[in-house]
Amino acid sequence: MKPIYMDNNATTRVAPEVVEAMVPYFSEYYGNPSSMHTFGGNVGGEIKAARARVANLLGALPEEIIFTSCGTESDSTAIYAALHSHPERKHIVTTRVEHPAVKNLVEHLGKNGYRTTFVPVDRQGRLDLDALYKSLSDDTAIVSVMWANNETGTIFPVEEIAREVRERGIVFHTDAVQAVGKIPTNMADSAIDMLSLSGHKLHAPKGVGVLYIRKGTKFAPFLMGGHQEDGRRAGTENTASIIGMGRAAQLAMETMQDENTRVKAMRDKLERELLSRVPMSMVNGDPENRLPNTTSIAFEYIEGEAILLLMDQYGICASSGSACTSGSLEPSHVLRAMGVPFTAAHGSIRFSLSIYNTEEEVDFIIEKMPPIIERLRQMSPFWKEAQAAG
Amino acid sequence: MWDYTEKVKDHFLNPRNVGFIDDFDGIGEVGSLACGDALKLTFKLGDDGRIADAKFQTFGCASAIASSSALTEMVKGMTLEDAAKVSNEDIADYLGGLPKEKMHCSVMGRDAMEKAISYYRGETQKKIEGEIVCECFGVTDKQIERAVKENNLTSIEEVTDYVKAGGGCGNCHDRIQFIIDDVLGNTPRAAKKPEVMTNIQKIKMIDATLEREIKPALNQDGGDIELVDVDGNRVLVKLRGTCASCSKSQITLKHYVETKLKDLVSQDLVVEEV
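Quick note, the sequences are listed as chains A and B, same order. Numbering (our numbering) for the first sequence: 424 to 813. Numbering (our numbering) for the second sequence: 984 to 1257.
Bound conformation, chain B alone:
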């Protein structure tokens, strides 16, 4: 059960401005059946140049319907300049907040408004900017970059919550991480492995990989691992916590720990329990 605010529930159960304005001045359509939500927004300007009426049709979940309803209420009476400035955060705030997994509903509202204004201004439908990163949901690098910047996103999961990218097959996760790192000004991770390692470098890297990549995963299950020694390419470790008594520990050791170390440090490593 989602933790929706009373305002979200109200706008879902009693949506405002459902429909389609036949003699619209602007129209914006986003989303698709495949994506699981879609919004068709129309507006009509008054003589004063402000939005006199706005209507929506939405296919989607409760928060998609509520976000659409909220958007139409918000932009009525606004000039197009002001309407263009309505952000997805503004829509979410108007509703008293949205569950983070549902933020993409508010992004859909903003995108539809932008498209409708572009239509009115006679701007030919902007070509999709950027390059598709997420094939499943057709999201481009520019869209991801924008969502990361505007909402201070720091993880792939958050990007998925806001623009859906990465929510399907997951093949694009590396590229999304790259975009996040780029926006945040981080040096891209996975620094190149040095071609030839000294023993000290190797031990340091094994230790760092255990600390950074492997321990947190084992800790989640109440387990732990300790580096005892490195003898040539033999990595000697001790399993602790639940790992020590777990019937799957040999599988964990061989297939998880060893694979990680091989991938991140050196293909020649073999892990052994002592």
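Isolated chain A, as found in the complex:
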């Protein structure tokens, strides 16, 4: 059974062009970019080219880009760098809907001597900007706000927040792993100081990430050791993956248009049809400011894991905000922060598309989902009452 993959916010297919670019750097050109010989030095040249390509995608300078091992490493590096650069400041601001890469780190720091503010969101998942600005003080070391939310696709006004934060002399970081490649980013006319991105969310392989650090931003390395990445990130370069990342950045510039037209149209059709065919279903998140590829739909009175496993029977891959899929007992922190009622939070399914999806796949899902939902609702002790209540 060929999978119908609509879980691209979890990870993406590595683009064939990216694989092609990477392959020679395993067994053929395996030299260490730090070596003195030409054989290694040439690989160094390719890394330089990859850096320029990533910089181009972000609208940044090549020297503002460092390669890391993943988005999480980029996030940790950025936050610790800000704390080390301003040791007298003991306050960290982030949001209640961050990815665990930021949320759990800030919670950890909160238990270890730092004061933390988690900015709330409204029912549509929009940030309470007033609360964010009011929380800032001379003691604030860093503000970290994700560019787009992985579960709902809601886009946050990070450019505006970055300007306000900069005016107060505070470092601003954004976890942009879901945004880059899907929406335009131009660091040249932005006030963002640091930005994280992850290779495997934009058709590069897993195990490579990027941290953008604006020129002039105070920095302290997270990994120490060798002089790689200009002394800002020690460790021998993951050469093949970095080269793949460069190729993926190039491709992202070419496909962004497709992402915002064809992919968006498929997402809209999927959402529209499911909402109209399945009673008591609704969209989670801000329909206005949203990634073009993501929809989170709540099917009330049933539970997400059961939905996913029935979808799995048809090879349909998506993910759920339900508790049971993660092994925790409460539904996703994002949906809870938005105040999505329990009747809906447990049965929320996220579809995240990519340029590799087709109209046929969308039609297949539109056909298969309603009976799955109906089957589980017929089993649910709450469904009859809910129907009666209308």
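In case anyone wonders, no lab produced these hints; they're calculated from the structure. Quick caveat, the model's predicted, so the values are computed rather than measured. Even for Gly, the Cβ is constructed at its ideal location relative to N, Cα and C. There may be inaccurate statements among the hints.
[To be verified] Listed next, the stretches of chain A that the computed footprint assigns to chain B, with coverage defined by at least 3 CB atoms under 8 Å from CB atoms of chain B: (1) 516 to 528; (2) 759 to 771.
[Said to hold, decoys possible] The list that follows gives simulated cross-link-like pairs (lysine-lysine, BS3-like), each with its CA atoms no further than 27 Å apart: (3) B/Lys1098 - B/Lys1125; (4) A/Lys807 - B/Lys992; (5) B/Lys1132 - B/Lys1068; (6) A/Lys513 - B/Lys1221; (7) B/Lys1125 - A/Lys513; (8) A/Lys791 - A/Lys692; (9) B/Lys1027 - B/Lys1038; (10) A/Lys534 - A/Lys425; (11) A/Lys534 - B/Lys1243; (12) B/Lys1098 - A/Lys534; (13) A/Lys791 - B/Lys992; (14) A/Lys425 - A/Lys638; (15) B/Lys1083 - B/Lys1027; (16) A/Lys807 - B/Lys1059; (17) A/Lys807 - B/Lys1221; (18) A/Lys557 - A/Lys534; (19) B/Lys1027 - B/Lys1059; (20) B/Lys1185 - B/Lys1132; (21) A/Lys471 - A/Lys638; (22) A/Lys425 - B/Lys990; (23) B/Lys1198 - A/Lys534; (24) B/Lys1098 - B/Lys1185; (25) A/Lys513 - A/Lys638; (26) A/Lys791 - B/Lys1068; (27) A/Lys534 - B/Lys1221; (28) B/Lys1038 - B/Lys990; (29) A/Lys807 - A/Lys687; (30) A/Lys534 - B/Lys1185; (31) B/Lys1243 - A/Lys807; (32) B/Lys1243 - B/Lys1221; (33) A/Lys513 - B/Lys1198; (34) B/Lys1245 - A/Lys513; (35) A/Lys807 - B/Lys1185; (36) B/Lys1198 - B/Lys1125; (37) A/Lys425 - B/Lys992; (38) B/Lys1221 - B/Lys1245.
Fit chain B to the supplied structure of chain A, relying on the hints for placement.
Frame of chain A, contents of chain B only:
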């Protein structure tokens, strides 16, 4: 992806006895929408006094549906006395086992059966026994005690897997630990700090706290710590392993090690690296 047995998958994909018996003899409802799973069980007795039919409606994940389906299959043909003896372990065993995080699904089945039998016997719904410990999931001390005893649970995590208690905000973890210790016959931990410590007592306590509380946590990240000396209230330590080269080590030292020692030994201690 959960590692479900073929039997769990079969009972999820082809659930037996879904529905509601209108002229039921017994009915038991447990769980809620907020909790993420709920089960409504009905049964009808035959002329021989055995369970002739049992049906369920379940809101929940695959293992909750499979556990409900398994339960109805198991109790059909049983006397109420025997049905009352079906334990959550029996349900899990029938399914060839459940992932440990999903054991609460089998507990839900047992609880529903008990309630349904009570209903038939005309016992007024038993008042919730005991005192609520876990506010998030409404679990009482008696329920926790029972789960610990019946399943030989030894940790808070296991209690969460079986009865959900402690799976929300985490505020009740101390009380759950207390119940576990009580059942296991352990003396409650966190023995009172002596009011005045001699130097020897203090050094011993610092060393014991480092060994018991701090080292294991650092070891998890590949780091280590060694006590070099204690000079008055100054605790001199050496960081080793990954801690020694870690850019966060100062944060670890000040905010983790020092806080722990202050909490567990004495508020006056200051930690310094040598």
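Which hints from the list above does the structure break, by number from lowest to highest?
-> Of the numbered hints, 1, 7, 10, 12, 14, 15, 17, 20, 24, 26, 29, 31, 35, 36 do not hold.
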